[in-house]
Amino acid sequence: GAGVSQSPSNKVTEKGKDVELRCDPISGHTALYWYRQRLGQGLEFLIYFQGNSAPDKSGLPSDRFSAERTGESVSTLTIQRTQQEDSAVYLCASSLQGTHNEQFFGPGTRLTVL
Amino acid sequence: GQSLEQPSEVTAVEGAIVQINCTYQTSGFYGLSWYQQHDGGAPTFLSYNALDGLEETGRFSSFLSRSDSYGYLLLQELQMKDSASYFCAVRDMGRRALTFGSGTRLQVQP
Numbered sequence: 003g004a005g006v007s008q009s010p011s012n013k014v015t016e017k018g019k020d021v022e023l024r025c026d027p028i029s030g031h032t033a034l035y036w037y038r039q040r041l042g043q044g045l046e047f048l049i050y051f052q053g054n055s056a057p058d059k060s061g062l063p064s065d066r067f068s069a070e071r072t073g074e075s076v077s078t079l080t081i082q083r084t085q086q087e088d089s090a091v092y093l094c095a096s097s098l099q100g101t102h103n104e105q106f107f108g109p110g111t112r113l114t115v116l
Numbered sequence: 004g005q006s007l008e009q010p011s012e013v014t015a016v017e018g019a020i021v022q023i024n025c026t027y028q029t030s031g032f033y034g035l036s037w038y039q040q041h042d043g044g045a046p047t048f049l050s051y052n053a054l055d056g057l058e059e060t061g062r063f064s065s066f067l068s069r070s071d072s073y074g075y076l077l078l079q080e081l082q083m084k085d086s087a088s089y090f091c092a093v094r095d096m097g098r099r100a101l102t103f104g105s106g107t108r109l110q111v112q113p
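Chains as they are written, first to last, in the working numbering: chain C, 3 to 116; chain W, 4 to 113.
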């Protein structure tokens, strides 16, 4: 079956602009995660969605970052007033409920803020 | 919070065995996971240790010792395609997301 997909694959934007990143999880996966990976670094947790429960937003670095998820499908991560330090690869992952240790990652969106 | 330490780089030759260590500081967690990431690619799940001891999956094995706050990934019969970054990760009690180490870049040489 299809894996996790993300779009766009690359995004170049100017400082101060807003960007929206999209994630389509694996069908049937109720859990969805967003991570950020700076060059040569590990993954930093941003936000987690599980079904209709309130999302875990504890990893969002500032109020410029927000995310939404429609039911158990598509999610969008929005970064407002982008800064150069936002440049990174943004990775989305999904998992079956109860199997949070085995997450399936998408290919990521490489964001470059000029 | 958690802190996971891994060596930044490891080099080995084809056919050899390599061990990638992960030490952590966390008050409580469910288990230790390992992920592989090739350059420009997505992380892929390799293994998970919920309990102390060794888990074997083909050429890869993973070990956890909670009393020593230590785990490792063992790769046997190394192949060139094993050149990648390897991340250990833990999930804190009460959380769903993973906390990742900074990764170990493995270079396999002919």
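Warning: the hint list may mix true and false statements.
SDA-like, lysine to any residue: derived pairs with alpha carbons at most 25 Å apart [said to hold, decoys possible]: (1) 59/C - 6/W; (2) 59/C - 84/W; (3) 84/W - 99/W; (4) 84/W - 116/C.
Covered by chain W, according to a simulated footprint, are these stretches of chain C (three or more residues, beta-carbon under 8 Å) [to be verified]: (5) 23-34; (6) 45-59.
Now the in silico label distances, taken between C-beta atoms and shown as ranges [claimed, not checked]: (7) 31/W - 54/C: 21 to 31 Å; (8) 56/C - 80/W: 25 to 35 Å; (9) 41/W - 104/C: 37 to 47 Å.
Everything labelled a hint here was simulated from the structure, so no lab data went into it.
Bear in mind that the values here come from a model prediction, so they are computed numbers and not experimental data.
Note that beta-carbon positions come from the ideal geometry of N, C-alpha and C, so glycine has one too.
Distance restraint hint 21 to 31 Å, applied to the beta-carbon atoms of residue 31/W and residue 54/C
holds (27 Å)
Can you take a look at whether the segment 45-59 of chain C is actually covered by chain W? Rule is 3+ residues, C-beta closer than 8 Å.
As far as the segment 45-59 of chain C goes, the hint holds, because 6 residues have Cβ atoms under 8 Å from chain W.
Under the criterion that the straight-line Cα-Cα distance not exceed 25 Å, is the pair residue 59/C, residue 6/W satisfied?
holds (20 Å)
Is it true that the CA of residue 84/W sits at most 25 Å from the CA of residue 99/W?
This hinted pair is violated, its Cα atoms lying about 31 Å apart.
Satisfaction of hint between residue 84/W and residue 59/C, Cα-Cα up to 25 Å:
violated (36 Å)
Check the hint pairing residue 84/W with residue 116/C against an upper bound of 25 Å on the C-alpha distance.
violated (34 Å)
Between the segment 23-34 of chain C and chain W, are there enough contacts, at least three residues with CB-CB distance under 8 Å, for the coverage claim to hold?
Coverage by chain W is violated for the segment 23-34 of chain C (1 residues, Cβ < 8 Å).
Just tell me: holds or violated, for the beta carbon distance of residue 56/C and residue 80/W against 25 to 35 Å?
Roughly 47 Å apart at Cβ, these two residues miss the hinted range, so it is violated.
C-beta pair residue 41/W, residue 104/C: status relative to the range 37 to 47 Å that was hinted
Since the Cβ atoms of residue 41/W and residue 104/C sit about 18 Å apart, the hinted range of 37 to 47 Å is violated.
The structure is inconsistent with the numbered hints 2, 3, 4, 5, 8, 9, although it conforms to all the rest.
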